[in-house]
Structures are given as C-alpha cells and as structure tokens.
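Spelled out, the chains give:
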Amino acid sequence: MKLVYFASVREAIGLSSEEYDVPQDACTVGDLVARISARSQAHACALQDLSRLRFALDQNMVTGDTLLGTAQELAIFPPVTGG
Amino acid sequence: MKHVRISSAAIRPDQELAALEGLGGGALASFTGIVRDDGGVTAIELEHYPGMTEASLYRLIEAATARWALLGAVITHRVGIIPLGAPVVVVGAASLHRAEALEATGFLIDRLKTDAPFWKRAHYADGTAQWVEAKASDEARAERWV
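Protein chains in written order, with our numbering: chain A, 1 to 83; chain B, 1 to 146.
In short, the hints are calculated from the structure, not lab data. Here the structure is a predicted model, which is why all the values come from computation and not from measurement. Note that CB positions come from ideal geometry on N, CA and C, so glycine has one too. A few of these clues could be false.
[Said to hold, decoys possible] Restraint ranges, calculated between C-beta atoms of paired labels, are given here: (1) A:65 to B:50: 42 to 48 Å; (2) B:135 to A:48: 19 to 25 Å; (3) B:137 to A:63: 21 to 27 Å; (4) A:69 to B:12: 18 to 24 Å; (5) A:73 to B:22: 22 to 28 Å; (6) B:12 to A:30: 41 to 47 Å; (7) B:42 to A:24: 26 to 32 Å; (8) B:66 to A:28: 39 to 45 Å; (9) A:25 to B:40: 46 to 52 Å; (10) A:39 to B:23: 47 to 53 Å; (11) B:124 to A:64: 18 to 24 Å.
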C-alpha cells in the first residue's frame, strides 16, 4: 500500500510518501496506523496522538475504525485548515 | 456550470467569477479569502492533496447544486507561498435571485474550511514558520449546514 503524509505529519516523518506491506492482521485504518507507528522513532512521534490525525483511504475521508478492504492508498494528515 | 481550479500562481477574483456573469441569472454572490496580517504574518503557505482536493471541492459544488437552484458555481484555491494581502480562495455562485447564491456561497466556504484537504502554514517576519491549527469555530460554522 502507498502511504502519503501531509503538512506536520509529513515533516515529522521526513517523507511525503512510502510503500508499505500491510500485515495480514491489520484490518482497520487504526490497526494499520498503530503498525506504521512502530516503523521508527519519527513515525512514532508523528502518529502518537490519534485525536490530532485525520485519514483518507483512496482519497476519501475515513475514521480509524474503517476497514482497509482493497484500498491502495492511505493518507495521514492533521485536521485541514484551507480557505 | 461547475468549475474547480487549484492555482500555484496569483488568482484574480474578477477573472475567476467572469464565467458566472453570463448565465442569465440576476444574482452572483462571492467570497474572497485574503492573507491577513495576523500577529506579524508576512505570507502563508498552502499545501494540498492533488486529486483528492479537487474531487472534494467538486463534491461541495455538487452538494450546493443539489440543495439550491444554482445556475453555476466556482471554487478557485491558490496553493504555495501567498503574500500578505493576496487572495487565497475565491468562491462564487450564480442564481436567478439572490437568496440561493448568497446561501450557497456561505455553504461552500464554510464546508471548504472543514472538508477540503488543505493545510496552511504561517510565515513570520523573523523568518519562522508555523502550521496553523484547525479552529473549533470553523467546525461550528460548517455544522450549521448539516
């Protein structure tokens, strides 16, 4: 799966995107984010506070309990601030 | 007429709204957001999610068109570094009479603030930069349209 990061999450991790092999036992967005957190100290730091994170699965906004299904892309970012 | 545009160059509200003038309606309402001097801000920087951002803006226009009798609507949002005083976003709606265009314009900018994937960073005169936090007041305004 392709992981994409924006804004403060992108800066904290130091990458705008990366490829990731989804573990068999990761069923939901929340499961996957917990696994991604374990990749490095920077990932752990960027993803530690779930209440300050938002997610998009294949470019649709979702919540942590959403099933991953066959999605190809997970985006992780802080609450949006456009306009 | 439904139009969404993301621009990395300067935007001019009159140009973005021109296509809404010739649709036969008696009303054209619009909102322009401008970079303001908020505690020493010299510029803001806008980041977006290419593809998802355009799709989410288009969905907002579709929702507005389903809710109000509109002849057309446009959203243009600038990205990248935007200097103090320059337009960041232009939203416009055209309708036969004013009520629909005015309400749809409010809906579009309020929901853009909470639904569209953009992130804003403020640049200050001392060379520092800071991500702007989402505001609870923006959530409250967007909730009015549910």
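*State, for the Cβ atoms of residue 39 of chain A and residue 23 of chain B, whether the hinted interval 47 to 53 Å holds or is violated.*
52 Å, holds
*Measuring from beta carbon to beta carbon, are residue 73 of chain A and residue 22 of chain B in 22 to 28 Å?*
Given a distance of about 39 Å, which is not inside 22 to 28 Å, the answer is violated.
*Using the C-beta atoms of residue 135 of chain B and residue 48 of chain A, is the stated range 19 to 25 Å upheld?*
Since the Cβ atoms of residue 135 of chain B and residue 48 of chain A sit about 23 Å apart, the hinted range of 19 to 25 Å holds.
*Look at the Cβ atoms of residue 25 of chain A and residue 40 of chain B and judge whether their distance stays inside 46 to 52 Å.*
49 Å, holds
*Return holds or violated for the Cβ distance of residue 66 of chain B and residue 28 of chain A against the range 39 to 45 Å.*
Hint violated: Cβ distance 31 Å, outside 39 to 45 Å.
_18 to 24 Å as the expected CB spacing between residue 64 of chain A and residue 124 of chain B, which holds or is violated_ = 34 Å, violated
*May I ask you to test the hint 42 to 48 Å on the CB atoms belonging to residue 65 of chain A and residue 50 of chain B?*
27 Å, violated
*Kindly confirm whether 21 to 27 Å is satisfied by the beta carbon distance between residue 137 of chain B and residue 63 of chain A.*
Holds, at about 23 Å.
_Consistency of beta-carbon spacing, residue 12 of chain B to residue 69 of chain A, with hint 18 to 24 Å_ = Violated: the Cβ-Cβ distance is about 43 Å, outside 18 to 24 Å.
*asked:* Taking 26 to 32 Å as the stated bounds, is the beta-carbon spacing between residue 42 of chain B and residue 24 of chain A within them?
replied: 50 Å, violated
*Can you let me know if the beta-carbon spacing of residue 12 of chain B and residue 30 of chain A is within 41 to 47 Å?*
44 Å, holds
Checked against the numbered hints above, the structure violates hints 1, 4, 5, 7, 8, 11; every other hint is satisfied.
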